[in-house]
Amino acid sequence: MNAKTPIIELKKSEGTYVVSAGNLYRIIAEGKDTDNRFSLMETVLKPGQGAPYHTHTREDEAFFILEGEVTFYLPDKSITANKEDFISCPPGATRGFRNNTNKVARMLLFYSSAGVEEMTVRDGQVVEPGVKASELNSGRDIQCPTLAEEYGIADSETKLPSLYEHISTKKGNLNV
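So the sequence shown is numbered by the UniProt record's numbering: it starts at 1 and just counts up by one.
Hints were generated in silico from the structure; no laboratory data involved. Don't take every hint at face value.
Claimed, not checked - Listed below are the simulated EDC-like cross-link pairs for lysine to aspartate or glutamate, each with C-alpha atoms no more than 16 Å apart in a straight line: (1) 103 x 69; (2) 12 x 128; (3) 4 x 30; (4) 83 x 69; (5) 32 x 118; (6) 32 x 69; (7) 103 x 67; (8) 4 x 42; (9) 83 x 67; (10) 12 x 35; (11) 83 x 42; (12) 159 x 76; (13) 4 x 35; (14) 11 x 42.
To be verified - With beta-carbon atoms standing in for the labels, derived distance ranges: (15) 128 x 79: 30 to 36 Å; (16) 129 x 83: 36 to 42 Å; (17) 75 x 6: 16 to 22 Å; (18) 6 x 154: 18 to 24 Å; (19) 122 x 158: 21 to 27 Å; (20) 162 x 88: 32 to 38 Å.
Every residue gets a Cβ at the ideal spot worked out from N, C-alpha and C, and that includes glycine.
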């Protein structure tokens, strides 16, 4: 059997780094490298950051928590995911997520099929490797990228629960 696409190899600091919708992303595998079968990104979520309720109509989206804790909001419940936990959302499933802690969270985002990584680059700003989440000042609250509709992602009118219902800090600030 002949492979249609070459083997992908990236080292720790390689990939395209992008700030989009208030989050920092590292694009690990792009559709152009996978015959559009899938894409893989790592994201760093500062305290309070994430994504609002939204629905992907075209692709599966899966999450693997690398560090920290991320709360996923579904229409009927919430799920708190910790290091090495996995969440998979099929097309049509409405969800949102947020880092409700006072520490940075990191996770892998897997999409099948590819395309979301292209939207992330188009909507965001490419940055140099090594940028830390605490250095970002995107000026944008949690939101879907402005190009979401073009990529088959529907925003929801429903808002995530208030961050301050979930976050507790020692001195009343986030200490980022």
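Hints, one by one, checked against the model:
1. Taking the CA atoms of residue 103 and residue 69, the gap is near 9 Å; set against the 16 Å cutoff, the hint holds.
2. For a cut-off of 16 Å, the pair hint linking residue 12 to residue 128 stands: about 14 Å separates their Cα positions.
3. Distance check on the hinted pair: residue 4 and residue 30 sit about 15 Å apart at the alpha-carbon level, within 16 Å; holds.
4. The straight-line distance between the Cα atoms of residue 83 and residue 69 is roughly 7 Å, inside the 16 Å bound, and the hint therefore holds.
5. Between residue 32 and residue 118 the alpha-carbon distance is near 10 Å, which keeps this suggested pair within the 16 Å criterion.
6. Taken as a hint, the residue 32 and residue 69 pair is broken in the structure, with Cα atoms around 31 Å apart against an allowance of 16 Å.
7. For the hint linking residue 103 to residue 67, the alpha-carbon distance of about 10 Å falls within 16 Å, and the restraint holds.
8. The suggested pairing of residue 4 with residue 42 is violated, with an alpha-carbon distance near 25 Å, which exceeds 16 Å.
9. For the hint pairing residue 83 with residue 67, the CA-to-CA distance comes to about 5 Å; that is within 16 Å, so the pair holds.
10. Restraint check for residue 12 and residue 35: not satisfied, since their Cα atoms lie roughly 23 Å apart, outside the 16 Å limit.
11. Pair hint residue 83 plus residue 42 holds up; C-alpha atoms about 14 Å apart against a cutoff of 16 Å.
12. The straight-line distance between the Cα atoms of residue 159 and residue 76 is roughly 13 Å, inside the 16 Å bound, and the hint therefore holds.
13. A threshold of 16 Å between alpha carbons decides the hint, and for residue 4 with residue 35 the separation of about 8 Å falls inside it, so the pair holds.
14. A distance of roughly 13 Å separates the Cα atoms of residue 11 and residue 42; the hinted pair therefore holds under the 16 Å criterion.
15. Residue 128 and residue 79 have their C-beta atoms about 34 Å apart, which keeps the hinted 30 to 36 Å range intact.
16. A hinted range of 36 to 42 Å for the beta carbons of residue 129 and residue 83 is inconsistent with their spacing of about 23 Å.
17. Judged by the Cβ atoms, the range 16 to 22 Å given for residue 75 and residue 6 is violated: they are separated by roughly 41 Å.
18. A hinted range of 18 to 24 Å is violated for the C-beta pair residue 6 and residue 154, which are about 34 Å apart.
19. Between residue 122 and residue 158 the beta carbon distance is about 26 Å. The supplied range of 21 to 27 Å therefore holds.
20. The supplied range of 32 to 38 Å is broken by residue 162 and residue 88, whose beta-carbon atoms lie about 27 Å from each other.
This entry does not satisfy hints 6, 8, 10, 16, 17, 18, 20, going by the numbered hints stated previously.
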